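Chemist: Spelled out, the chains give:
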Amino acid sequence: MANNIKLMQGNEAIAEGAVIAGCNFFAGYPITPSSEISEYLSVKLPKTGGVFLQMEDEIAALGAVLGASLGGAKAITATSGPGMSLKQEHIGYASMCEIPCVIVNVMRGGPSTGLPTLPSQSDVMQVKWGVHGDHAIIAITPSSVNESLYETVRAFNLSIKYRTPVIILTDEIIGHMREKVIIMEKDSIEILEIKLPSVPPEEYKPYNYLSGKVTPLAPMGEGYRYHVTGLIHGDTGFPSQKTEVIQNAQNWLIDKIYKNVADIEKFEEFQTGDAELLLVAYGSTSRSSRQAVMMARAAGIKAGLFRPITIWPFPEKQIKNLAKRAKIILVPEMNMGQIIFEVQRCACNSAVHGLNIVNGEPITPDQIYDKIKEITK
Amino acid sequence: MIKTKFDYNKYLRQNTLPHIWCPGCGDGIILKSLIRAIDKLQIKKDDIVIASGIGCASRLPGYVDFNTIHTTHGRALTFAIGIKMFKPRLKVITISGDGDALAIGGNHFIHAARRNIDITLIVFNNYTYGMTGGQYSPTQPIGSYATTTPYGNIEPPFDVCDLAKAAGATWVARSTSYHALQLDKLIEAAITHQGFSVLDVITNCHISYGRRNKMKSPVEMITYQKEKGIPVRSAENLKPEELTGRFKTGLIYQKNDAPEFCAEYQKKLELLKTK
Ligand SMILES: Cc1ncc(C[n+]2csc(CCOP(=O)(O)OP(=O)(O)O)c2C)c(N)n1
Ligand code: SF4
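Protein chains in written order, with the working numbering: chain S, 1 to 377; chain L, 1 to 275.
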């Protein structure tokens, strides 16, 4: 069977990506501009015996997702702006208890109710820091409909592999536009399955902080009885206030992600080889940025684009490398300046400029090109 | 090791004891009753999920050898719904304090009841926020005192059972930590019921509640439960004014033929298969 080409909306592609990944549980609460994901899954999941639930709010939705995930489900929820704020409590719980789940945030303008139907990229830092307490997060910023689909599959894989919440941080533009999607044959897509632990129940410990390896999460109800708590816990899962256990647990939550950056990171470079002016952009803004790079090149400016696909952990190494040549860096974002701070941190010897337009409209290639001219003058 | 005629040890996680509860706290009585009821029903440990919120009562799951989830404050029912819907064959029991179930978790409470999902919720109702030191809770009687009602409470309390019934729960009962034998039977019945069952258990917290309300010892609090509790049947013969300050005990409401959420969902799945 040949690859199948379809015209799809970004949000639908996320939902279809979930189906391809083997997702069998969705719980959500309606909110623009993410509702198409739940509508799509409300049609699809029951047909394959999966569970679709509309809960009473976003906290409940992620709670249900985590309950199902503890039972062995591949579970996802989707939301936007105000809903993402409500999710934070359970994102923290998922991080702490190391429960796999995928959370989609289709970014809209904020704060508060903000701009329900218009785009922004203002939740980049919320996704990283919104949870109280120290933890690490994986977040992915797709920039096309096709990528939305395959990055959702990857999000499920990462969430299972690292027992962590993974956030798909898309925006209203990517979520609502329609584009070509190439549906690949299933056996050419890597899909991680949830398995029982390799040890018998009496030897199973739900955590193993010092091993450096992620212990698989045993689905509940299959003979592996253990305890899950949002309190700091030791390898057995039971709460502990021993100083060494606390420190080990905290280190582990960070290390399991940051020591595996090479596996988690994903990015795309466009004309960066000789770039003296570097654009760093993600999501929908990276599309205008790509166009602006071509405009600049046509005018003789050696411009290039670095596009993080995994935005958290932030691709520090790549930015540091590129900044050796690129002494001028521009970070266009549909927010008042968020990822620019990460870029500045990694490229401290370059002049890092922001282009921050948050007016409900996409940032255009012309606007970016104008800014390029201004900062390269 | 606890040595009594009934062997609790096979259900207790010895490595997590001693528990955190204050000596004389009513929560241990409910824990033992829960264990006896589960033992009576002979449900496999692997098939039981106990989810709880946050609070003194919600520490219970840590001590028992089942699949246990100590979730976030007020949200145990949301986790319970997730795992129950995904694996309906599991018996899911939720433990909450009154603040957990009815203040921060009030919305989840009424929606779980509305769905009539086959989950049992046991509310450990001590009229207070025990764990945080005795602030007033949504079940605290008018006129009583808490660290945050130093001049007396003026907020009318929820009646857990009335609320559960009104919201759609199909099995509703009340007992106390004094009525331990009745409690065994009610927990057993609640777990057996096919639908959302709510058991309101009045329990004693002399530390955070009692000592501010002229009941500084567990004995005084247990006596209060004994004297103020009135069996549903006996209450029927009393005038409303004779019931002021008292609460009904026993099975308050039961409806057996209401559609249960997991079963209804399965029916839909079957229908889709044949299409
Ligand atoms: C979101 C959130 N808010 C507040 C708290 C603090 N807190 C912990 S336990 C508790 C109240 C517990 O009271 P109750 O549910 O009645 O249970 P009890 O301790 O009396 O058994 C509160 C407010 C918390 N853990 N999480
Ligand atoms: S504070 Fe109250 S509810 Fe908490 S353990 Fe002590 S007596 Fe029990």
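Keep in mind that the hints were calculated from the coordinates and are not lab data.
Quick caveat: nothing in here was measured; it's all calculated off a predicted structure.
Idealized CB from N, CA, C, for every residue including glycine.
Careful: at least some of the hints might be erroneous.
Unchecked claim - Capping the alpha-carbon separation at 30 Å, the derived lysine-lysine pairs in DSS-like fashion look like this:
id, chain 1, residue 1, chain 2, residue 2
1, L, K267, L, K248
2, S, K213, L, K45
3, L, K255, S, K44
4, S, K44, L, K10
5, S, K47, L, K32
6, S, K242, S, K266
7, S, K186, L, K44
8, L, K185, L, K45
9, L, K255, L, K268
10, L, K185, S, K195
11, L, K267, S, K195
12, L, K32, S, K195
13, L, K45, S, K186
14, S, K186, L, K255
15, L, K255, S, K205
16, S, K302, S, K320
17, S, K44, L, K32
18, L, K10, S, K161
19, S, K320, S, K161
20, L, K267, S, K47
21, L, K185, S, K205
22, L, K165, L, K255
23, S, K47, S, K186
24, S, K266, S, K327
25, L, K44, S, K205
26, L, K185, S, K47
27, S, K44, L, K44
28, L, K255, S, K195
29, S, K6, L, K32
Stated by the list, open to error - Here's a subset of chain L near chain S, in silico, CB distances under 7 Å, partners left out:
id, residue
30, G106
31, N256
32, L271
33, T274
Chemist: Each hint needs a verdict: does it hold in this structure or not?
Modeler: Outcome of the hint check:
1. K267(L) - K248(L): Violated. K267(L) to K248(L) sits at ~37 Å, over the 30 Å cutoff.
2. K213(S) - K45(L): holds, 29 Å
3. K255(L) - K44(S): violated, 33 Å
4. K44(S) - K10(L): violated, 44 Å
5. K47(S) - K32(L): violated, 43 Å
6. K242(S) - K266(S): Outside the cut-off at roughly 37 Å; violated.
7. K186(S) - K44(L): Judged against 30 Å, a Cα distance of about 38 Å means the pair is violated.
8. K185(L) - K45(L): Between K185(L) and K45(L) the Cα gap is close to 19 Å, so the pair holds against 30 Å.
9. K255(L) - K268(L): Status holds; Cα separation ~23 Å.
10. K185(L) - K195(S): Since the Cα atoms of K185(L) and K195(S) sit roughly 39 Å apart, the hinted pair is violated (cutoff 30 Å).
11. K267(L) - K195(S): Given pair K267(L), K195(S) holds - Cα atoms ~28 Å apart, limit 30 Å.
12. K32(L) - K195(S): violated, 35 Å
13. K45(L) - K186(S): violated, 38 Å
14. K186(S) - K255(L): violated, 48 Å
15. K255(L) - K205(S): violated, 42 Å
16. K302(S) - K320(S): holds, 18 Å
17. K44(S) - K32(L): violated, 44 Å
18. K10(L) - K161(S): violated, 34 Å
19. K320(S) - K161(S): Holds: K320(S) and K161(S) sit about 28 Å apart, inside 30 Å.
20. K267(L) - K47(S): Holds, because 12 Å separates the two Cα atoms, which is no more than 30 Å.
21. K185(L) - K205(S): violated, 35 Å
22. K165(L) - K255(L): Roughly 10 Å between the alpha carbons, so the hint for K165(L) and K255(L) holds.
23. K47(S) - K186(S): Holds, at about 18 Å.
24. K266(S) - K327(S): holds, 23 Å
25. K44(L) - K205(S): holds, 21 Å
26. K185(L) - K47(S): Violated: K185(L) and K47(S) sit about 40 Å apart, past 30 Å.
27. K44(S) - K44(L): violated, 34 Å
28. K255(L) - K195(S): Between K255(L) and K195(S) the Cα gap is close to 40 Å, so the pair fails against 30 Å, i.e. violated.
29. K6(S) - K32(L): Distance of about 59 Å is beyond 30 Å: violated.
30. G106: This hint is violated: G106(L) lies away from chain S, its Cβ roughly 10 Å from the closest one there, beyond 7 Å.
31. N256: violated, 25 Å
32. L271: violated, 9 Å
33. T274: Because about 12 Å separates T274(L) from the closest Cβ in chain S, which is outside the 7 Å limit, the hint is violated.
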